[in-house]
Each structure stands twice: as structure tokens, then as C-alpha cells.
Amino acid sequence: MGEGGAPWFLYAVGAVFAVSAELCGVSGLAFALGMYLPMDLNSPLVVGAAVAWMLRHSTKEEALAHARHEKGTLIASGFIAGGALVGVLAALLKFVEDQTGSTFVPDLTKLPGIGPWLADWSNWTGLLLFALLALWVYSDSRREEVESAG
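Numbering (my numbering), first residue to last: 1 to 150.
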């Protein structure tokens with residue numbers, strides 16, 4: 001790894017941060033992710049945690065809160081798996097495009113009329129759709145009921 005020794009001082013500083021975070025009630029993993037990952041990757045995690053917190057506190061009945069939280073976790077897991085599959089498909093399409101020179105996904109910003117609008121408002125449109133998606137996850141999870149034993 002190089003000719004110098006291990007950076008023991010930096011390891012000690014990291015350990016102090018981790019122990020301090022745990023003593024303050026903050027998960028060491030969450031703290032580390034917040035320090036390591038850029039904000040554009042952490043923002044969906046924060047929004048998901050906020051939705052989970054709202055679901056946990058949406059009722060005083062513990063069983064119902066747990067059922068709603070589990071439903072939200074199931075939906076979020078499906079989105080994660082779907083996102084991974086779409087990422088693999090996008091990489092495959094990009095590979096085929098690079099090999100053949102043909103384009104499979106059109107550039108919508110070049111459409112006449114709506115194209116310039118899409119280019120100018122794409123970030124806001126994505127943010128709006130993400131907010132609507134988070135709202136849908138919350139509202140759909142709130143419809144969950146506790147299954148009665150019998």
C-alpha cells in the first residue's frame with residue numbers, strides 16, 4: 001500500500017467520531033454514509049427515512065404502525081430492485097449503442113416544441129416526480145391494515 005506506515009492517527013479520529021455518534025444515538029453507519037457519500041446519493045436516503053419515520057408515527061397502535069412500516073419497506077425494496085434492473089438494462093443499451101453506433105433511446109430534449117422546455121426544467125420535473133413518488137409510498141403504506149388472527 002505504499003512505503004509509509006498505516007495512518008493510525010486518522011483511524012483513531014474515525015473511531016472517536018464513531019463512538020461519539022453512537023453515544024449521541026446516531027447510527028455509526030448512517031453517520032459514515034453521510035460523511036462519505038455525496039448529497040445527491042444521500043438525499044433519497046434522507047427522504048426515505050423521513051417517510052419511514054412518518055409511517056412509524058402515523059398511529060399510536062404499535063401493530064398498525066409496524067404493518068405500515070413493513071408495507072413501505074416492501075415498496076421501497078421493489079423500487080431499489082427495479083432501479084438496479086433498469087441500471088443494468090441502461091448499461092446494456094449503452095454498450096450496444098457504442099458497438100453498433102445506433103441509438104435506442106431518443107434524446108427527448110431535441111423534440112420540437114417541448115424539447116427546450118424539457119432541457120430547462122428537467123431537474124425540477126425530476127424533483128416533482130420524486131416528491132410525488134414519496135407521497136405515493138406514504139399514502140399507499142397508510143392504507144395497510146393489521147391482519148386479524150383467526
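Be aware that one or more of the hints could be misleading.
[What the hints assert, rightly or not] Between beta-carbon pairs, the in silico distance windows are: (1) A15 <-> V105: 32 to 38 Å; (2) T100 <-> D140: 18 to 24 Å; (3) L33 <-> W136: 43 to 49 Å; (4) W124 <-> A50: 18 to 24 Å; (5) A50 <-> P112: 36 to 42 Å; (6) M39 <-> R142: 41 to 47 Å; (7) R56 <-> V105: 37 to 43 Å; (8) A91 <-> W136: 23 to 29 Å; (9) T109 <-> G83: 37 to 43 Å; (10) T73 <-> M35: 23 to 29 Å; (11) G5 <-> G87: 37 to 43 Å; (12) G115 <-> L85: 26 to 32 Å; (13) S139 <-> W8: 48 to 54 Å; (14) C24 <-> V47: 19 to 25 Å.
[Unchecked claim] Distance condition first, Cα-Cα at most 25 Å in a straight line; then the derived DMTMM-like pairs of lysine to aspartate or glutamate: (15) K60 <-> E145; (16) K60 <-> D140; (17) K71 <-> E61; (18) K110 <-> E97; (19) K110 <-> E22; (20) K94 <-> D40; (21) K71 <-> D140; (22) K110 <-> D120; (23) K94 <-> D107; (24) K71 <-> E145; (25) K71 <-> D120; (26) K60 <-> E70; (27) K60 <-> D120; (28) K71 <-> E147; (29) K110 <-> D98.
Just so you know, these hints were derived from the structure itself, not from any lab. Ideal Cβ placement from N, Cα and C applies to all residues, glycine included.
So, going through the hints one by one against the coordinates:
1. For A15 and V105, the hinted distance range of 32 to 38 Å is not satisfied, since their beta carbons lie about 47 Å from each other.
2. Checked against the hint of 18 to 24 Å, the pair T100 and D140 fails, with Cβ atoms roughly 41 Å apart.
3. At roughly 25 Å, the beta carbons of L33 and W136 sit outside the given window of 43 to 49 Å.
4. At roughly 20 Å, the beta carbons of W124 and A50 sit within the given window of 18 to 24 Å.
5. Hint check: A50 to P112, Cβ distance near 40 Å, so the stated range 36 to 42 Å holds.
6. One distance hint, 41 to 47 Å for the beta-carbon pair M39 and R142, is violated here, with the actual separation near 28 Å.
7. Distance hint check for R56 and V105: the Cβ-Cβ separation is about 39 Å, which falls inside the suggested range of 37 to 43 Å.
8. Against the hinted window of 23 to 29 Å, the Cβ-Cβ separation of A91 and W136 comes to about 27 Å, which satisfies the hint.
9. Range check, T109 to G83: about 22 Å between beta-carbon atoms, so the 37 to 43 Å window is missed.
10. The beta-carbon spacing between T73 and M35, approximately 25 Å, falls within the hinted interval of 23 to 29 Å.
11. For the pair G5 and G87, the supplied restraint of 37 to 43 Å holds, since their beta-carbon distance comes to about 39 Å.
12. Roughly 28 Å separates the CB atoms of G115 and L85, a value that falls within the hinted 26 to 32 Å.
13. The given range of 48 to 54 Å is respected by S139 and W8, whose C-beta atoms sit roughly 51 Å from each other.
14. The given range of 19 to 25 Å is respected by C24 and V47, whose C-beta atoms sit roughly 22 Å from each other.
15. For the hint pairing K60 with E145, the CA-to-CA distance comes to about 14 Å; that is within 25 Å, so the pair holds.
16. For the proposed pair K60 and D140, the alpha carbon gap of about 18 Å is at most 25 Å, so the pair holds.
17. Of the pairs offered as hints, the one joining K71 and E61 holds, with about 16 Å between alpha carbons and a cut-off of 25 Å not exceeded.
18. Taking the CA atoms of K110 and E97, the gap is about 18 Å. The hint holds against a cut of 25 Å.
19. Our distance criterion of 25 Å between C-alpha atoms is broken by K110 and E22, whose separation comes to about 51 Å.
20. Restraint check for K94 and D40: satisfied, since their Cα atoms lie roughly 23 Å apart, inside the 25 Å limit.
21. Under the criterion of a C-alpha separation no larger than 25 Å, the hint pairing K71 with D140 is consistent with the structure, at around 8 Å.
22. Our distance criterion of 25 Å between C-alpha atoms is met by K110 and D120, whose separation comes to about 12 Å.
23. Straight-line distance between C-alpha atoms of K94 and D107 comes to about 13 Å, which keeps the hinted pair within the 25 Å bound.
24. Between K71 and E145 the CA atoms are separated by roughly 10 Å; this keeps the pair inside 25 Å, and the hint holds.
25. This hinted pair does not check out: K71 and D120 have alpha carbons roughly 36 Å apart, beyond 25 Å.
26. Of the pairs offered as hints, the one joining K60 and E70 holds, with about 16 Å between alpha carbons and a cut-off of 25 Å not exceeded.
27. Taking the CA atoms of K60 and D120, the gap is about 45 Å. The hint is violated against a cut of 25 Å.
28. Of the pairs offered as hints, the one joining K71 and E147 holds, with about 13 Å between alpha carbons and a cut-off of 25 Å not exceeded.
29. For a cut-off of 25 Å, the pair hint linking K110 to D98 stands: about 20 Å separates their Cα positions.
When held up to the earlier numbered hints, the structure conflicts with 1, 2, 3, 6, 9, 19, 25, 27 and fits the remainder.
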